[in-house]
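Enquirer: For reference, the chains in residue letters:
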Amino acid sequence: MTGEVIIAFYTFVLACVAGFQLISKVPPTLHTPLMSGANAISGITILGAIAMAGGTGGFAAHIIGMLAVLFATVNVVGGFMVTERMLKMFGSRK
Amino acid sequence: MLGAANLPLNELLAHFGYIVSILMFMVGIMLMGRVKTAKNGNRLAAGAMLLAVIAQLVQMKTIDPVWIVVGLVVGALIGAVASIRVQMTQMPEMVALFNGSGGLASLLVAVAAYAYGGIPSQPLAGATIAGSRGDVNGLAVMLSILIGGVTFTGSIIAFLKLAEKMSGKPILLPGRHAVNILLAVLVAVFIALGVWVLGGGVGLALLVLVILLSFIMGITLVIPIGGGDMPVVISLLNSYSGVAAAMAGFALGSHVLIVSGSLVGAAGLILTQIMCKAMNRSLANVVFGGFGAEAATGGGGEYKNVKSADAETAAMVMADAQSIIIVPGYGMAVSQAQHAVRELAKLLEAKGASIRYAIHPVAGRMPGHMNVLLAEANVPYEQLFEMDQINEEFKSTDVVLVIGANDTVNPAAKTDKTSPLYGMPVMNVEEAKTVFTMKRSLGGGFAQVKNTLFECPNNFMIYGDARKTLEEIAKAVKEG
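Heads up: the protein sequence lines correspond to chains A and B, in order.
Each residue of the first sequence is one higher than the one before, starting from 1 at the first, in our numbering.
Each residue of the second sequence is one higher than the one before, starting from 1001 at the first, in our numbering.
Worth flagging that the hints you see were computed from the coordinates, not collected in a lab.
Since the model is a prediction, treat every value here as computed from it, not as a measurement.
No residue lacks a Cβ here, since even glycine has one placed at the ideal position from N, Cα and C.
Incorrect hints may have been included.
[Stated by the list, open to error] A short, non-exhaustive set of chain A residues, derived as facing chain B with CB atoms under 7 angstroms:
| # | residue |
| --- | --- |
| 1 | Ile6 |
| 2 | Ala8 |
| 3 | Thr11 |
| 4 | Ala15 |
| 5 | Gly19 |
| 6 | His31 |
| 7 | Ser36 |
| 8 | Gly37 |
| 9 | Thr45 |
| 10 | Ala49 |
| 11 | Thr56 |
| 12 | Ile64 |
| 13 | Phe71 |
| 14 | Gly79 |
| 15 | Phe80 |
| 16 | Glu84 |
With the hints as extra help, turn the sequences into a complete structure.
Expert: Put into structure tokens, the structure is as follows:
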């Protein structure tokens, strides 16, 4: 194993712990919007997609990367907009 | 990372952007946990995503923008149109589709990474891709493909079941446990071979095999699960899509992917656990699939002595009631009855009744599904009660109005040990003085279990579409 991978593991473990802490305190009312918002965040894979689509990896990487950008963007844009729509309804009342 | 001083300026700036965006994601999720701040939390997370994308572009030395722009524009259009046109009642299906889209993206990123640099010959060792950023890690590539593929087809099946384009009943393949074990072993062997032994053309063949197997596994994971259990499945798949993104992060050596992906992975897992608890199931049972499938055997039988009422009778009883609890279920979502419910509740409040809503944790098809629908109809937040808060109140309540809920109000879950629902926490609606249950017919719920509530002497069925029935009751209350 290289040092880089080990550091990545530290990051992974700590982020998981943080995730458990952040989420465990959410009231059920917000579970659907939260799931939808978290789902949009999982579209972070868009960064990898951009690196592949616009990098120097050759034609195959360009094409596959472009498709990845497309699907990841659907996830990100759709996810955040749908969450916004749901939360707007919570905001409209006192 | 520790040798940051040697990094060129654009890399430094990019990493700074990533770190800020990670903080924004975390604060965003925290804010999304409270009703007052939830909207800001979502916007903060969206801003974090934008910042991360910009940082990514800054980090890349050479950019071939055409491919990126095409993907971004087409994807944004599809996502925006879909999210504007979807109706609130179809939200669970939509989230399932978006989730599947994200899973597919992670799969494609891993495939592109393979096409880019190939799988390194050494296990778990990073192989630097020529002329680009980061490392490609073979095992992470394979895992990202596996989890992304399972998320993709699993979400598609969940979508088809929720949209009722496919039967909501569990589909049981003969010997499915053996099949699942065989699939798992096969995929493990292919991944091991792909990572440790082979590269080049044979490696590519193995990669394709892993893709195909992951697609099959996604399908076999979700088809044995009944439509009523879909909330748990969506939550679990949401978690998977986060893990897939984290694996893509390992594959590319991107910490921002690892952190954000595992945040979502942990979030989905916690939500899944909460829902499992509410349904009296273990998480292991869900992870290995096939739960809710054995249910369809016991608890059947014909209904006897079921009483029914019409809208006018219900209106008369409710107009005299002091305390009313409304119990919504999936039937309310199907007939889009949330506004009609609110209208009727307003009329009854004007007549002096206290109105409360009792929300079962797994009512509807997603956690909080009912809350979202009722919020859309401007139902005051203070009137919504969770099951645990209100379950003791039913016995001192005049009228309970059950709108298209079934398994969540079945007393057999408390008393009948042979019932497949036995042990699941349910609402004690039968303890109220009078219960009106709105339902299309006497057919079973998703679990296809006989509901003994319908035979209780104080329960009256009102058959028909929930929204129409509610409007008729409201009309009768107004006129009476």
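Enquirer: Report holds or violated for the interface hint on Ala8 of chain A, using the least CB-CB distance to chain B and a cut-off of 7 angstroms.
Expert: holds (6 angstroms)
Enquirer: Would the hint on Thr45 of chain A be counted as holding, given a Cβ-Cβ threshold of 7 angstroms to chain B?
Expert: holds (4 angstroms)
Enquirer: If you take the shortest Cβ to Cβ gap from Ser36 of chain A to chain B, is it below 7 angstroms?
Expert: Hint holds; Ser36 of chain A Cβ to chain B Cβ min 5 angstroms, cut 7 angstroms.
Enquirer: Hold the hint about Glu84 of chain A up to the distance rule: shortest CB distance to chain B must be less than 7 angstroms.
Expert: holds (6 angstroms)
Enquirer: Can you verify the interface hint for Gly19 of chain A: is its Cβ closer than 7 angstroms to any Cβ in chain B?
Expert: Holds - the Cβ of Gly19 of chain A comes within 7 angstroms of chain B, reaching about 3 angstroms at its closest.
Enquirer: Would the stated hint for Ile6 of chain A survive a check requiring a Cβ distance to chain B of less than 7 angstroms?
Expert: violated (10 angstroms)
Enquirer: Should the hint that Ala49 of chain A touches chain B count as held when the rule is a Cβ pair under 7 angstroms?
Expert: Where the cut-off is 7 angstroms and the nearest Cβ of chain B is about 5 angstroms from Ala49 of chain A, the hint holds.
Enquirer: Hey, does the Phe80 of chain A contact hint survive, CB to chain B under 7 angstroms?
Expert: holds (4 angstroms)
Enquirer: The hint names Gly37 of chain A as touching chain B; please verify it with the least Cβ-Cβ distance against 7 angstroms.
Expert: At about 5 angstroms, which falls below the 7 angstroms cut-off, the nearest Cβ of chain B leaves the hint on Gly37 of chain A intact, so it holds.
Enquirer: With 7 angstroms as the cut and Cβ atoms as the points, is Phe71 of chain A at the interface with chain B?
Expert: holds (4 angstroms)
Enquirer: Measuring from the C-beta of Thr11 of chain A to each C-beta in chain B, is the shortest one below 7 angstroms?
Expert: holds (5 angstroms)
Enquirer: Does Thr56 of chain A meet its interface restraint, that is, does its C-beta lie within less than 7 angstroms of any C-beta in chain B?
Expert: holds (5 angstroms)
Violated hint: 1 only; the structure is consistent with all others.
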